[in-house]
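Undergrad: The primary structure of each chain is shown beneath.
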Amino acid sequence: MKDTVQNTESFQVTTPSDREIAMTRVFDAPRRLVFDAWTKPELLRRWLGVRAGWTMVVCEVDLKVGGAYRYVWRGPAGDMGMGGVFREVVRPERIVSTEVFDDPWYAGEAVDTLVMVETGGKTTVTTTVRYVSQQVRDAVLASGMSRGVAESYDVLAEVLSSIAREA
Amino acid sequence: MEPLGYGRISADRLDATFAALADPTRRAILARLASGRASVTQLTEPFVISQAAVSKHLKVLERAGLISQGRDAQRRPRRLEAKPLAEATSWLERYREFWEGSFQHLDVVLDELKAIERKRGRTAEPKKRGTRKRQKRGDHR
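Chains R and Z, in that order, are what the protein sequence lines are.
The first sequence begins at 265 in our numbering and counts up by one.
The second sequence begins at 21 in our numbering and counts up by one.
For the record, the hints were derived by calculation from the structure and aren't laboratory data.
Be aware that one or more of the hints could be misleading.
[What the hints assert, rightly or not] Partial list, derived from the structure: chain R residues whose beta carbon lies under 8 Å from chain Z:
#	residue
1	Met287
2	Ala293
3	Leu297
4	Val298
5	Asp300
6	Ala301
7	Leu307
8	Arg309
9	Arg310
10	Trp311
11	Leu312
12	Gly313
13	Val314
14	Arg315
15	Cys323
16	Phe350
[Said to hold, decoys possible] Pair ranges (Cβ atoms, derived):
#	chain 1	residue 1	chain 2	residue 2	range
17	Z	Arg91	R	Arg334	51 to 59 Å
18	R	Asp343	Z	Val68	52 to 60 Å
19	R	Gly342	Z	Asp43	32 to 40 Å
20	Z	Gly141	R	Gln398	48 to 56 Å
21	Z	Arg140	R	Lys386	16 to 24 Å
22	Z	Gln94	R	Phe365	47 to 55 Å
23	R	Val364	Z	Arg99	42 to 50 Å
24	Z	Ser59	R	Val379	51 to 59 Å
25	R	Val321	Z	Gln124	14 to 22 Å
26	Z	Arg140	R	Val329	51 to 59 Å
27	R	Val379	Z	Val68	21 to 29 Å
Nothing here was measured: the structure is a model prediction, and the numbers come from that model.
Each residue gets a CB set at the ideal place from its N, CA and C atoms; glycine is no exception.
Please work from the sequences and hints to get the whole structure.
TA: See the structure below:
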């Protein structure tokens, strides 16, 4: 339980502009280590998208401007892949890359900006995804990430817990 | 395909659920129905809007499958349908789970990297005082 509460507090999803979605998380490690874990395939495949039933089966990272990355996960529902090209690489603080899914669920190429800031031995990581238009961003939001949805989510939680109490 | 295999509930169904939930009056109606069935008259009581306006909201909620009408012909009490709500909630939970699950693994990887650095004696701290081994395990917060 303690972990859940902690994670909720340190993990935030926001909408900094009408085409973007940002996610922030604090890690208890210096920036150079977080940067390594985020960019070295042997480390990346140990955590990114790894959860019950899912493993990363392809993880290729050519970390330089113009270099490509490619990830494929294997899960109960089959394989899912994505990849893109690095546009900016500033070790160990900033990476800009494109993002396209093999089986695209939104239009166009999104641009990811990863920023790492170290304070007192801890690293705050912010990943911002910029979509091609507000419509696309909103479609992604409608699939479950907006403030409105977060608000709805609180109501849902209340509603569901009262149902549980009455059942 | 849905994002990163977070879930495979019909997108239309989710759209309808979230559209219905986007309105505060409708959320209030759902919250009220969570404590038991109620007629349109009863549902209108807490609001300053007309019964007709409440009826409109009820129609939206009904189309989204979030509520249904009871059989009592006269009062037609509305009741909450829990399943679409549960589905929407679990989708969001899977999204968070994907990232929080990933990040928890990342926390473990980072702990290992820190331990390796300490063993190599390459901690960020200048290791002047004491022997390397007896220094507190990197906790200088």
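Undergrad: Against the structure, test the hints numbered earlier, and report the numbers of the ones violated in rising order.
TA: 8, 15, 16, 26, 27
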